[in-house]
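Asks: Given next are the chains, with one letter for each unit.
2 protein chains.
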Amino acid sequence: MQESNYSSEILQYIPFYYVIWSDDLLTTSEINVVQNAIDTDKTLSDKSKAQLFAWLDTYNPPADTELKKWKQTISNSSVKLVESETYPLSAFSQKVVSHYKGNYPLNEQLKQIEIQLGIQPNHYNHLFDVAVSHEATSSFYNAHDIDTILKGKHAKVVDDFRKTLSDPIFKWDVHRNKEEFRQVVLNQVKFLANKGYGAMAYPEAYGGINDMEGYAYMFENMMFADGSLSIKFGVQFGLFGGSIQKLGTKKHHDQYLMETGKAKLLGCFAMTETGHGSNVRGIKTTATYDSKTDQIIIHTPGKNDNKEYIGNALHSKMASVFAQLIVNGKNEGVHAILVPLRNNNHELLPGILVEDNGYKLGLNGVDNGKIWFNQVTVPRENLLNKYGDIKEDGTYYSEIKNPNKRFFTMLGTLVGGRICVARAGLGGAKYALTVAIKHALKRRQFNDSVKIQEDLLIDYPTHQLRLTPLVASAYVYHVALDKMMQQYCDPSQPDKRKIETQVAGLKSIITWYANDTIQECREACGGKGYLIENRIADLKGDVDIFTTFEGDNTVLLLLSAKGVLSDFKSEFNSAGFTAVLKILGIQINDKLTTINPVYTNKVDKDHLYNPKFHKHAFDYRTRRLTYSLAMRIRDYIKKGVPSYQAFLKVQTHLLALGKAYSNELAYTTYCDFVDTMANDKNKALFLKLGTLHALYTLRQDAEWYLEQGYMGGTKSKAIRQRVERLCTELRPHIGVLVDGFGIPDHCMTAPIAIDH
Amino acid sequence: MQESNYSSEILQYIPFYYVIWSDDLLTTSEINVVQNAIDTDKTLSDKSKAQLFAWLDTYNPPADTELKKWKQTISNSSVKLVESETYPLSAFSQKVVSHYKGNYPLNEQLKQIEIQLGIQPNHYNHLFDVAVSHEATSSFYNAHDIDTILKGKHAKVVDDFRKTLSDPIFKWDVHRNKEEFRQVVLNQVKFLANKGYGAMAYPEAYGGINDMEGYAYMFENMMFADGSLSIKFGVQFGLFGGSIQKLGTKKHHDQYLMETGKAKLLGCFAMTETGHGSNVRGIKTTATYDSKTDQIIIHTPGKNDNKEYIGNALHSKMASVFAQLIVNGKNEGVHAILVPLRNNNHELLPGILVEDNGYKLGLNGVDNGKIWFNQVTVPRENLLNKYGDIKEDGTYYSEIKNPNKRFFTMLGTLVGGRICVARAGLGGAKYALTVAIKHALKRRQFNDSVKIQEDLLIDYPTHQLRLTPLVASAYVYHVALDKMMQQYCDPSQPDKRKIETQVAGLKSIITWYANDTIQECREACGGKGYLIENRIADLKGDVDIFTTFEGDNTVLLLLSAKGVLSDFKSEFNSAGFTAVLKILGIQINDKLTTINPVYTNKVDKDHLYNPKFHKHAFDYRTRRLTYSLAMRIRDYIKKGVPSYQAFLKVQTHLLALGKAYSNELAYTTYCDFVDTMANDKNKALFLKLGTLHALYTLRQDAEWYLEQGYMGGTKSKAIRQRVERLCTELRPHIGVLVDGFGIPDHCMTAPIAIDH
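As they're listed, the protein sequences go chains A and B. Each residue of the first sequence is one higher than the one before, counting from 1 in my numbering. Each residue of the second sequence is one higher than the one before, counting from 1 in my numbering.
Quick caveat, the hints were computed from the structure, so don't treat them as lab data. Hints are all accurate, no fakes.
Treat identical chains as interchangeable: a pair holds within one or across any two.
The calculated DSS-like cross-link candidates involving lysine-lysine, where the alpha carbons are at most 27 Å apart (straight line), are: (1) 171 x 156; (2) 483 x 153; (3) 151 x 688; (4) 442 x 370; (5) 717 x 688; (6) 49 x 638; (7) 638 x 68; (8) 602 x 717; (9) 717 x 615; (10) 303 x 442; (11) 171 x 370; (12) 264 x 171; (13) 284 x 442; (14) 246 x 317; (15) 683 x 605; (16) 80 x 442; (17) 717 x 638; (18) 80 x 638; (19) 246 x 153; (20) 69 x 638; (21) 69 x 95.
If you're wondering where the values come from, they're calculated on a predicted model, not measured in any experiment.
Work out the full structure: start from the sequences and follow the hints.
Replies: Right, dumping it as structure tokens:
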């Protein structure tokens with residue numbers, strides 16, 4: 001035992017006070033926490049309480065010399081800090097007192113402070129010149145429990161599928177030659193089809209279990225094996241099979257669906273054209289009905305009107321071709337027609353030309369190609385005729401009279417694929433985050449003079465800040481996409497127009513998030529992230545195109561914004577502004593009255609961590625942007641500016657609205673889910689993740705909130721500090737949080753993510 | 001001739017008024033332009049002037065019905081808009097008047113308005129329901145002239161080198177197999193060496209022309225052929241050869257430099273270790289001097305202490321190995337030693353193990369590998385002994401007594417490579433921008449009901465906004481890096497510490513810019529950008545690692561910030577905080593007094609476009625961040641927080657300062673250059689590019705300026721609008737601006753960038 005000038009009562013608080021005061025983030029609500037703890041601490045005399053209270057006065061803080069004395073007292077104790085203790089700082093304090101004054105009990109009030117202030121070892125493990133016993137990750141939360149929460153009611157499907165991925169056929173390897181890679185992926189697709197996974201979303205009569213939601217989970221998990229596998233699988237069963245299922249009728253189902261689900265009939269989805277990427281309504285391929293022969297003639301009119309980037313084009317026997325259907329000389333709009341491409345010997349049929357797209361930035365296991373049709377004839381029955389048919393008398397018939405509505409109804413049935421693409425992007429982000437964080441929990445770099453070991457990468461504030469919010473967002477987006485698919489599959493809600501708009505926006509923000517995340521992970525792993533063996537490189541190449549296919553993100557956000565502007569009443573439409581304009585008048589009045597900015601400079605923790613504040617801020621932005629957009633468009637129209645031009649002039653404004661709405665949607669969906677969580681401990685964790693995501697997202701638009709006067713400078717700064725702090729608070733749990741993504745060990749092949 | 005209610009005098013102004021009023025960006029200074037034009041228009045009667053003035057009152061704007069009448073009048077004229085006219089709107093106005101009233105002269109005042117307001121065809125080509133004769137690009141500026149400005153005094157070197165790249169050996173092709181690709185690149189490197197390019201930066205005695213600045217230009221242009229070529233070239237001649245040139249003495253130069261420059265001696269630069277990426281001082285490889293044999297023993301002590309990612313490792317005969325030099329049992333710090341790796345039969349020498357790094361995200365034409373040394377002995381003479389030597393008597397000697405200073409002096413000699421990496425990144429960005437913009441000038445998408453042709457991608461405001469500022473930044477960064485290399489090479493400034501710090505920051509912001517730009521271009525080209533044939537995919541993979549190698553960007557920005565904090569007086573150092581702390585006291589006082597925020601809500605064009613405003617804003621941010629950082633660190637230190645911990649706590653703040661300083665440096669360097677430009681027309685263009693870059697960059701930190709009260713909300717919004725507007729103003733010249741990058745036709749192989 002050495003001497004100390006402080007009494008035992010005071011001494012036990014010294015390490016806490018030193019940590020608190022050397023940190024410059026103390027706010028009123030946090031001082032309250034300490035005051036309450038002291039107030040109810042029965043081990044303290046009134047005199048000690050008075051002294052401790054005095055040292056809590058932010059207007060008259062303890063002198064620097066006092067702080068130095070505290071630090072000296074702690075350092076001289078030579079007590080070792082053990083991070084693996086449940087309450088490391090409280091236990092450390094107890095040992096410091098015991099060192100100076102003999103055995104002393106562990107104080108419950110200190111535990112309270114430690115928990116409530118969220119003091120984490122990395123807040124103080126450099127502050128004292130004492131030895132630190134490190135552990136990389138806390139076991140306070142359980143990864144398996146978290147994974148179970150994320151899987152929800154789909155646990156069985158997911159677990160079975162993950163087990164399936166352990167088959168050697170999915171063993172990850174470097175594939176540089178596209179022909180060889182495509183064969184590997186084709187074999188994997190067939191393997192999964194044989195197990196029944198291909199037909200999962202189809203009706204039971206055709207080998208399926210009618211589980212589109214489970215399909216989406218499986219689709220995401222496929223990314224853990226390989227991106228090309230996901231996309232090839234999606235093309236075969238989701239796009240080609242999906243078009244037969246959703247746009248065809250019983251005769252098509254009976255003839256093709258079973259074989260498609262088993263991957264015995266390989267097919268492709270021929271929509272996009274070289275000259276018309278985003279403008280599907282403007283495609284040039286024609287499907288002309290010839291009443292004499294009762295056949296449909298598929299034709300590519302110009303050299304840039306070929307089908308482009310068609311996945312599975314080299315392996316397919318058949319294509320679902322989107323073309324302008326012309327019956328009796330009248331263009332009835334875009335319809336899908338099944339067109340055989342190759343014979344049993346896999347030779348191209350007459351009039352069909354297929355050209356390999358060659359190597360791509362990623363997804364080289366998918367055989368993308370261009371297809372030209374030169375007067376190719378198919379029977380009338382090959383028209384997928386659920387929404388538009390050619391009757392036996394050779395006349396066109398559709399129950400949906402409005403051609404616009406018909407077009408968007410057809411396209412709408414395929415929106416499930418768009419959710420799946422976002423899910424796959426999310427899966428890629430989860431994988432990259434897991435690699436980067438496992439690496440950061442092992443890799444050390446630099447050190448100070450006191451410690452022998454260098455610091456773990458994850459213990460650098462910059463490293464925490466670059467990765468932790470992205471982990472939090474993965475949780476939010478997971479829940480948002482899960483609920484979106486649930487609604488999409490809900491047969492009690494037949495009108496999917498609103499969901500289509502929502503999916504358009506979510507797909508955009510989430511695939512951009514996925515790309516940003518994978519890039520951040522690449523850089524966070526340094527040179528190791530650049531090596532193919534560590535998997536991030538492939539993910540980067542594969543996920544990149546997710547921002548473009550299944551709808552270009554920019555175009556989708558514009559659609560999304562138009563949906564918001566028209567209160568989801570207009571057609572899901574890229575060029576038709578009429579419907580939007582019609583109801584603009586109502587919108588403008590509706591939205592204005594509800595805007596009521598508050599809390600401009602409220603910065604206490606309770607407020608900043610309250611989901612009500614986040615929701616209000618998200619909602620305010622959506623409403624405000626809607627209002628100002630509507631006003632601008634109305635003014636243009638009043639001046640006689642054509643509506644096409646008016647919408648062009650506000651294009652960047654529309655993008656902002658599309659994003660704002662999608663951000664709000666993702667977060668409110670997540671909050672609704674967290675509200676239903678039963679377990680308080682995990683609920684608190686999910687709440688914290690949501691808070692980090694929300695504050696981080698609001699920070700992205702901080703300049704806008706400041707411009708609007710919705711936030712003052714003090715609040716904006718406080719949010720930035722809270723984001724950094726939340727990252728620190730989550731530091732001990734970051735390992736468990738990525739393990740909670742549930743990526744099976746047999747898929748986690750990156751050497752830097754594996755303990756050797 | 002039809003009738004119109006307006007007089008000819010009024011009528012000629014109608015198209016202008018309609019364009020002006022349907023746009024909502026009119027500010028006081030712009031109204032002044034129109035007022036002045038009218039005031040001095042001798043063709044106008046006083047009555048007409050009064051009418052036109054009345055229609056300029058923003059407090060009492062013309063009625064919507066008036067605007068509609070204007071539009072009707074214009075549309076009814078059926079006059080065709082010809083974009084290729086020098087003054088398209090003025091010419092259009094003249095024709096409208098002539099249509100209604102008979103031949104009417106072209107009004108000079110209208111031309112003035114058109115020029116001074118920067119009214120571009122895409123401001124109005126949808127506004128009137130008239131036919132538009134399009135041209136994609138204006139010929140007002142000349143691409144060759146711009147290229148000449150960018151090349152400056154290095155025109156001959158650049159032009160010769162670009163011609164050299166037309167040799168079939170540089171013909172771009174897809175290379176998937178790394179062995180084959182590496183051989184292709186090796187042959188290219190040898191080809192260039194034979195032409196004398198390898199030795200360019202070496203003294204004339206060794207086959208060179210002592211032109212490091214020209215070398216940097218060549219290095220950037222090499223990216224137009226292939227990224228692997230640049231990097232392989234840089235490793236051989238810049239890193240390996242550079243270490244001999246800069247760290248060795250005459251005996252090394254005589255023995256190796258000529259052969260190195262000719263690529264007859266292939267070498268690698270073995271600095272980085274698996275366990276020590278960014279912490280070079282902490283590398284573990286030892287070089288122990290054995291006085292008995294007069295030899296140095298190179299040894300890799302642990303399994304993670306191998307050299308890692310060593311470019312040219314598979315092809316090299318020799319390595320420049322960085323190791324802890326131990327003489328007489330004393331560690332004298334990191335030194336470089338030449339170590340033969342292979343014999344003439346290309347077999348590894350005893351004790352040396354090399355392992356291929358395998359496939360990477362990009363740069364697969366570069367043979368990166370790991371190297372282990374097991375007690376490998378080399379003669380004492382192989383120590384590159386310019387800054388530290390082992391004398392004949394076996395004692396260590398260095399003129400630089402301070403080991404820290406010695407270490408950073410050695411590393412400092414290699415800073416030229418860091419500039420070259422930034423240049424190469426910039427070259428990649430220029431290439432991607434050229435592809436994306438040439439594509440956007442050809443590709444059409446969607447349209448309105450009036451026009452037959454769909455719009456060009458580049459005519460969408462979102463597309464302009466995503467690409468134009470990046471083009472502007474390429475100009476700014478080009479100039480900044482050029483001037484930086486000039487200073488680095490200036491023998492009259494022997495102390496390079498400040499330049500090292502500046503290079504650290506510029507390398508970071510520019511390689512990040514390059515990656516963001518290439519990604520934006522990929523997405524802007526949609527699916528076409530994903531195909532390898534269009535070159536953006538390879539650039540994405542190749543340039544990605546530029547953010548990590550030659551110094552991790554995050555680590556470099558921290559160094560840069562410490563340089564700013566210490567006013568460039570401290571060692572260029574990642575771990576030593578002492579020097580920084582010593583002068584912090586002075587800094588804090590110095591900086592505070594000079595902060596004087598002004599113009600909080602000044603939004604007129606003259607102010608917002610004035611470089612003085614931009615410089616003031618950049619400078620304010622650097623100073624303010626320096627001040628607040630210094631205050632925070634001082635407070636921590638006062639409380640007894642160890643300096644290592646104090647710097648950790650402010651790490652994200654340091655990053656912000658590093659970026660802010662680098663942004664300021666790039667822009668002020670650019671402005672200094674523009675000031676020297678002789679040709680007024682081109683000078684105005686460069687000024688406009690600088691303004692766009694500056695406002696765009698300031699927008700990135702808008703939330704900070706708002707938080708600080710440096711800008712009010714109105715100003716922040718005005719800057720955003722000005723950025724969009726400048727993009728529109730530059731629209732007709734965007735084709736010339738990318739042609740000005742001077743990428744030779746034989747390198748521009750992307751099919752989407754070529755006119756077929």
